[in-house]
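Heads up: the protein sequence lines correspond to chains A and B, in order.
If you're matching positions, the first sequence starts at 47 in my numbering and goes up one per residue.
If you're matching positions, the second sequence starts at 611 in my numbering and goes up one per residue.
There could be a bad hint or two in this list.
To be verified - Facing chain A, a subset of chain B residues (Cβ under 10 Å, in silico):
{"no.": "1", "residue": "H621"}
{"no.": "2", "residue": "V636"}
{"no.": "3", "residue": "L640"}
{"no.": "4", "residue": "F650"}
{"no.": "5", "residue": "Q656"}
{"no.": "6", "residue": "H657"}
{"no.": "7", "residue": "E665"}
{"no.": "8", "residue": "Q668"}
{"no.": "9", "residue": "G959"}
{"no.": "10", "residue": "A960"}
{"no.": "11", "residue": "I965"}
{"no.": "12", "residue": "W969"}
{"no.": "13", "residue": "R971"}
{"no.": "14", "residue": "V974"}
To be verified - Label-pair restraints from in silico Cβ distances:
{"no.": "15", "chain 1": "B", "residue 1": "S809", "chain 2": "A", "residue 2": "A145", "range": "44 to 50 Å"}
{"no.": "16", "chain 1": "A", "residue 1": "P54", "chain 2": "B", "residue 2": "K877", "range": "53 to 59 Å"}
{"no.": "17", "chain 1": "B", "residue 1": "H615", "chain 2": "A", "residue 2": "S136", "range": "18 to 24 Å"}
{"no.": "18", "chain 1": "B", "residue 1": "E806", "chain 2": "A", "residue 2": "V65", "range": "52 to 58 Å"}
{"no.": "19", "chain 1": "B", "residue 1": "L821", "chain 2": "A", "residue 2": "S102", "range": "54 to 60 Å"}
{"no.": "20", "chain 1": "A", "residue 1": "M220", "chain 2": "B", "residue 2": "A799", "range": "36 to 42 Å"}
{"no.": "21", "chain 1": "A", "residue 1": "G154", "chain 2": "B", "residue 2": "M808", "range": "45 to 51 Å"}
{"no.": "22", "chain 1": "A", "residue 1": "V65", "chain 2": "B", "residue 2": "L939", "range": "24 to 30 Å"}
{"no.": "23", "chain 1": "A", "residue 1": "Q66", "chain 2": "B", "residue 2": "E814", "range": "31 to 37 Å"}
These are calculated hints, taken from the structure and not from any lab test.
These numbers come from a predicted model, not from an experiment.
Every residue gets a Cβ at the ideal spot worked out from N, C-alpha and C, and that includes glycine.
The chain contents come next:
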Amino acid sequence: MMMTSEPPAHVRDIQALYVQHLPALRGFVLSLVSDFALVDDVVQETFLTVRQKADSFQPGTNFRAWAWSIARFKVLQMLERSRKRSDRLSPEVIEALCAHESAGSDWGLEQQFEALNHCMEHLAPKARQAVALRYEQAQRPPEIARLMGWTVEAVNVALSRARNVLRKCVDDQMSPKGA
Amino acid sequence: METGHFHLLIHKHLDDVLSSVERAEVEHALLTSPQARGEFWRMAKQHAALKLWGECQQGSQLQQRTRAAHPAFWWAAFAVVAAVALLVFLRSMGSDPSADRGLAKSVRAEEANVAPVESRKQRSSPATAIDRPVVEIVPTVKQPTAVPKSPTDDKGVDPTPRARDTALAERESEAVRAAAAIVQARDDASQKRLLEAMSRVQPEGREFLALNQKSSNDSLPAAAPSPLFSGGSGPKPQLLPTTPMTREQNAASRTEIRSGSSFFDSKNGFGVFVDDVELNHPAFKLTADELEVYMVSQQTPKPPIGAAQRDSDRKVKKAFAKGRKVVILKSSADGRPQTGIGREAEYDGATGDIILRGWPRVQVGDDISEAVEAGTYFVLKADGNYKAQGGRVRTNIVQGQEKAGGAKLAR
Chain A
47 MMMTSEPPAH
57 VRDIQALYVQ
67 HLPALRGFVL
77 SLVSDFALVD
87 DVVQETFLTV
97 RQKADSFQPG
107 TNFRAWAWSI
117 ARFKVLQMLE
127 RSRKRSDRLS
137 PEVIEALCAH
147 ESAGSDWGLE
157 QQFEALNHCM
167 EHLAPKARQA
177 VALRYEQAQR
187 PPEIARLMGW
197 TVEAVNVALS
207 RARNVLRKCV
217 DDQMSPKGA
Chain B
611 METGHFHLLI
621 HKHLDDVLSS
631 VERAEVEHAL
641 LTSPQARGEF
651 WRMAKQHAAL
661 KLWGECQQGS
671 QLQQRTRAAH
681 PAFWWAAFAV
691 VAAVALLVFL
701 RSMGSDPSAD
711 RGLAKSVRAE
721 EANVAPVESR
731 KQRSSPATAI
741 DRPVVEIVPT
751 VKQPTAVPKS
761 PTDDKGVDPT
771 PRARDTALAE
781 RESEAVRAAA
791 AIVQARDDAS
801 QKRLLEAMSR
811 VQPEGREFLA
821 LNQKSSNDSL
831 PAAAPSPLFS
841 GGSGPKPQLL
851 PTTPMTREQN
861 AASRTEIRSG
871 SSFFDSKNGF
881 GVFVDDVELN
891 HPAFKLTADE
901 LEVYMVSQQT
911 PKPPIGAAQR
921 DSDRKVKKAF
931 AKGRKVVILK
941 SSADGRPQTG
951 IGREAEYDGA
961 TGDIILRGWP
971 RVQVGDDISE
981 AVEAGTYFVL
991 KADGNYKAQG
1001 GRVRTNIVQG
1011 QEKAGGAKLA
1021 R
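Just chain A, with the same shape it has in the complex (with noise of 0.2 Å):
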């Protein structure tokens, strides 16, 4: 029987603190990379080096910036190895965007999360079901035109327009007066 030990207390404190933020470094991931597939090997990859590199960090100091910065650095190397680089935002425009988010804004994840449970329901039944299958599913839109029928452009304005209606009544649900 292999015997293994509890991992040293700054560690754990490491470990916590990357769950806590997970949710959010996830959609960041999401966002550079695109491909749900590639998605959550690019998150396994950044744990195993937070959690290697777990005696480097200083308590005290921003986990958010450190964890930040070696998931850019894993988008990175994920897009280098990648043999369809050519269809991903390229390391300049990666490296832009990411200085401009370092900044540090709130995700709200949560707050969007409840909130779209409510929005959900003022989309038409096409623009759910296209939803639904891109989200719940995770079917790219040339698989969802296949399933509903439509042309795959057909699929992206209706996705655009049905995240432009979420988005609209998010921000209302989320402002004071939506409160």
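Since chain A is already given, all that's left is putting chain B on it; use the hints.
The following block gives chain B in isolation, referenced to the frame of chain A:
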């Protein structure tokens, strides 16, 4: 750039369907405009929230299905939790705190066993998603029931150097095991895709596979000692022949295939390749998700080496590529780069022509021809010309002035 158009392009990026032209447009906007970058992150946050929402919905549906299918499961789960709680309580009556920690860890280890590494592709509720990395890193390894204590532990002093070294070594081995589990999971997934691809091959390939299966069944080795162990009767190790120090003559005519996983039948000259396949042929370069290759048969077959298959003596007779996006790069008749994109491609080694199907598009320089009907296909001729057949096409030819204007704007 108009806001609505920019939003559409960012959404297409998030959906992984941005074309190369659109990507250039987005990248220009993101590099030059801070407002565009701010807008990108706003949309990215909504995308992340929607993904979270979708996974939660998926998780709820799975949960409902599980409840409907296995109502007794919840009673069993409740009984297990109650038993564990009772055990924890009884153990807490004793004086050994490390026993409690060990028990709690064993419970976590049981939970980890329920969700192996492969489960990271599955949808889950937000709570499950939050817990996921911890669960994945210790996939199926049992946690210890008690930590060996150093003599100084109870006094609140740091453990001995030996205990620290042991903990460090265990932590490292844990990370190595986790990494190995990830590699194994990826390899399994790749093998699964290879088997799926092999089940979809052309009739000719199916025959080869059947023959291959039959011969491998016929020649199952009997359980005999291997002659390759040091005391065996096999051949003695010999010096390798010297490598000639001359330049390879036929490097330019070599075909190279790179892939994540592959199957190669060297006897029949037939291969199936999956995962980021890249075919470098002297006349063109092709990338796809799946590739079937049929070589011109020869007398002395040469086994493949690793994932990168090199064969300098044999020529490709036919090749079939499939995938979400099959890309072909070659030169046009006038020497300009010619790019063909579709979902299926068929290469005929006899003529050197490539047939591109699945809403194909061909770009030569700045001029683009694309299919506007499902049945349209392009034939990329060996001489660099191409023709469309089977349906209507739309061709955009950029005029000289427009090109000059574009260049001016770019400057």
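Cross-check of the supplied hints:
no.: 1; hint: H621; result: holds (4 Å)
no.: 2; hint: V636; result: holds (8 Å)
no.: 3; hint: L640; result: holds (5 Å)
no.: 4; hint: F650; result: holds (6 Å)
no.: 5; hint: Q656; result: holds (6 Å)
no.: 6; hint: H657; result: holds (6 Å)
no.: 7; hint: E665; result: holds (8 Å)
no.: 8; hint: Q668; result: holds (5 Å)
no.: 9; hint: G959; result: violated (24 Å)
no.: 10; hint: A960; result: violated (29 Å)
no.: 11; hint: I965; result: violated (21 Å)
no.: 12; hint: W969; result: holds (8 Å)
no.: 13; hint: R971; result: violated (13 Å)
no.: 14; hint: V974; result: violated (18 Å)
no.: 15; hint: B:S809 - A:A145: 44 to 50 Å; result: holds (47 Å)
no.: 16; hint: A:P54 - B:K877: 53 to 59 Å; result: holds (56 Å)
no.: 17; hint: B:H615 - A:S136: 18 to 24 Å; result: holds (20 Å)
no.: 18; hint: B:E806 - A:V65: 52 to 58 Å; result: violated (35 Å)
no.: 19; hint: B:L821 - A:S102: 54 to 60 Å; result: holds (57 Å)
no.: 20; hint: A:M220 - B:A799: 36 to 42 Å; result: holds (39 Å)
no.: 21; hint: A:G154 - B:M808: 45 to 51 Å; result: holds (47 Å)
no.: 22; hint: A:V65 - B:L939: 24 to 30 Å; result: violated (44 Å)
no.: 23; hint: A:Q66 - B:E814: 31 to 37 Å; result: violated (56 Å)
When each numbered hint is compared with the structure, violations occur for hints 9, 10, 11, 13, 14, 18, 22 and 23.
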